[in-house]
Amino acid sequence: MRYYFHVNDGAFHRDDIGYELPNDAAAITEAIESGASMIRDLGRDFLVNNRWEMLVEDAIGQEIYALTLLGTSRRAMSSGGDATSTTSTNIG
Amino acid sequence: MGISEPFDAAIEALIRRLSLRDHLPEDERNALRSAAVRSRNFAAGDDLVVQNSKPSVSMLIASGMVARYNIIDDGARQITAFHILGDFVDLHGFLLSRLDHSISALTEVTVVEFPHEALEHITEQYPHLTRMLWLSTLLDAAIHRQWLVAIGRTSAMSRLAHLFCEQFVRAGLVGLATQDSFPFPITQAQLADALGISPVHVNRTLQELRARAVLEWHGGIVSILDWPGVQSIGKFDEAFLDIEHRRR
Chain A
1 MRYYFHVNDG AFHRDDIGYE LPNDAAAITE AIESGASMIR DLGRDFLVNN
51 RWEMLVEDAI GQEIYALTLL GTSRRAMSSG GDATSTTSTN IG
Chain B
1 MGISEPFDAA IEALIRRLSL RDHLPEDERN ALRSAAVRSR NFAAGDDLVV
51 QNSKPSVSML IASGMVARYN IIDDGARQIT AFHILGDFVD LHGFLLSRLD
101 HSISALTEVT VVEFPHEALE HITEQYPHLT RMLWLSTLLD AAIHRQWLVA
151 IGRTSAMSRL AHLFCEQFVR AGLVGLATQD SFPFPITQAQ LADALGISPV
201 HVNRTLQELR ARAVLEWHGG IVSILDWPGV QSIGKFDEAF LDIEHRRR
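Chains A and B, in that order, give the protein sequences. Residue numbering for the first sequence follows the UniProt record's numbering, beginning at 1 and increasing consecutively. Residue numbering for the second sequence follows the UniProt record's numbering, beginning at 1 and increasing consecutively.
The set of hints was computed from the structure by calculation and includes no laboratory data. Among these hints, one or two may not hold up.
[As the list claims (entries may be wrong)] Derived CB-CB ranges, DEER-like:
1) A:D24 <-> B:G220: 30 to 36 Å
2) A:A66 <-> B:L20: 51 to 57 Å
3) A:R44 <-> B:L20: 39 to 45 Å
[What the hints assert, rightly or not] A few chain B residues that don't get close to chain A, going by computed Cβ distances all over 10 Å:
4) D27
5) F42
6) G45
7) S63
8) Y69
9) E108
10) Y126
11) Q146
12) F184
13) V200
14) R248
None of the values given here were measured: they were computed from a predicted structure. Think of the CB as a built atom: it goes at the ideal place given N, C-alpha and C, for glycine as much as any other residue.
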């Protein structure tokens, strides 16, 4: 069965090609492994959107799984330097 | 195909590849020609050599493409090298007691076999040719190091671009590339196994390379649209392939 893996990292990247996998479970595993390496590649660029999502769709256009990574800054803005700051802030 | 055809194709490609690094005198060329004893054909998917086996011959590719690979516990496969015309797939098997990996045919493959006794004879009679064969395994190791660095430290995009650059240059050395394309007749899953990422990530990375108009991969052919662009994305410097003609 063909599955499609769309990515939303602030912009929506539609997967028009898809990939043949035996079942939903295999598609979900594929999403996790792909997501992990795509996020590794993003590195600091993740902070631009602070949210990354992969939507898995089956051959008939039904969404079967969503993988979401959400970053949230816990440091108050007033204390100087938010998560996207590149200045050297004492984080520890 | 005539009897001598795979022998000529494989050995002349090897000579061409080695001659780019140093002059090979006629007696050394003849020593290579007389050391190969028979040719063998494999279908796509066949294993040429299986991990832990003790080969008594080393194989030189006359046509087709092969992969060196290891199987991980869960059945997944990591490809550690691709080989094409004029490459020895297991020259190191001459001195290693057991092969630490398997070698699989990615397409139909023809090889010519060099019995290890014949290689031993070369090492005893032809010191310069011996160094050149040693160089051949050193080049394999240099390519492995590039893959290791790429898999450990670079993005999928950079890794894929680097691999395409490496394959383009290597295909060119043995006359398989045109000015801006080369055969790359493998599947997306095999490419994923070589890059250490999932097929879906390969898919997305290929789309990005296409969107940047640097290359395209269709029907088993990679077309280079922007050579400086691909090299820049892959941070590719061909120095590790040591294409320098000098005394070795």
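Status of the hints after comparison with the structure:
{"no.": "1", "hint": "A:D24 <-> B:G220: 30 to 36 Å", "in the structure": "31 Å, holds"}
{"no.": "2", "hint": "A:A66 <-> B:L20: 51 to 57 Å", "in the structure": "52 Å, holds"}
{"no.": "3", "hint": "A:R44 <-> B:L20: 39 to 45 Å", "in the structure": "42 Å, holds"}
{"no.": "4", "hint": "D27", "in the structure": "51 Å, holds"}
{"no.": "5", "hint": "F42", "in the structure": "26 Å, holds"}
{"no.": "6", "hint": "G45", "in the structure": "17 Å, holds"}
{"no.": "7", "hint": "S63", "in the structure": "29 Å, holds"}
{"no.": "8", "hint": "Y69", "in the structure": "18 Å, holds"}
{"no.": "9", "hint": "E108", "in the structure": "23 Å, holds"}
{"no.": "10", "hint": "Y126", "in the structure": "47 Å, holds"}
{"no.": "11", "hint": "Q146", "in the structure": "18 Å, holds"}
{"no.": "12", "hint": "F184", "in the structure": "18 Å, holds"}
{"no.": "13", "hint": "V200", "in the structure": "4 Å, violated"}
{"no.": "14", "hint": "R248", "in the structure": "39 Å, holds"}
Comparing the model with each numbered hint stated earlier shows that hint 13 is the single one that does not hold.
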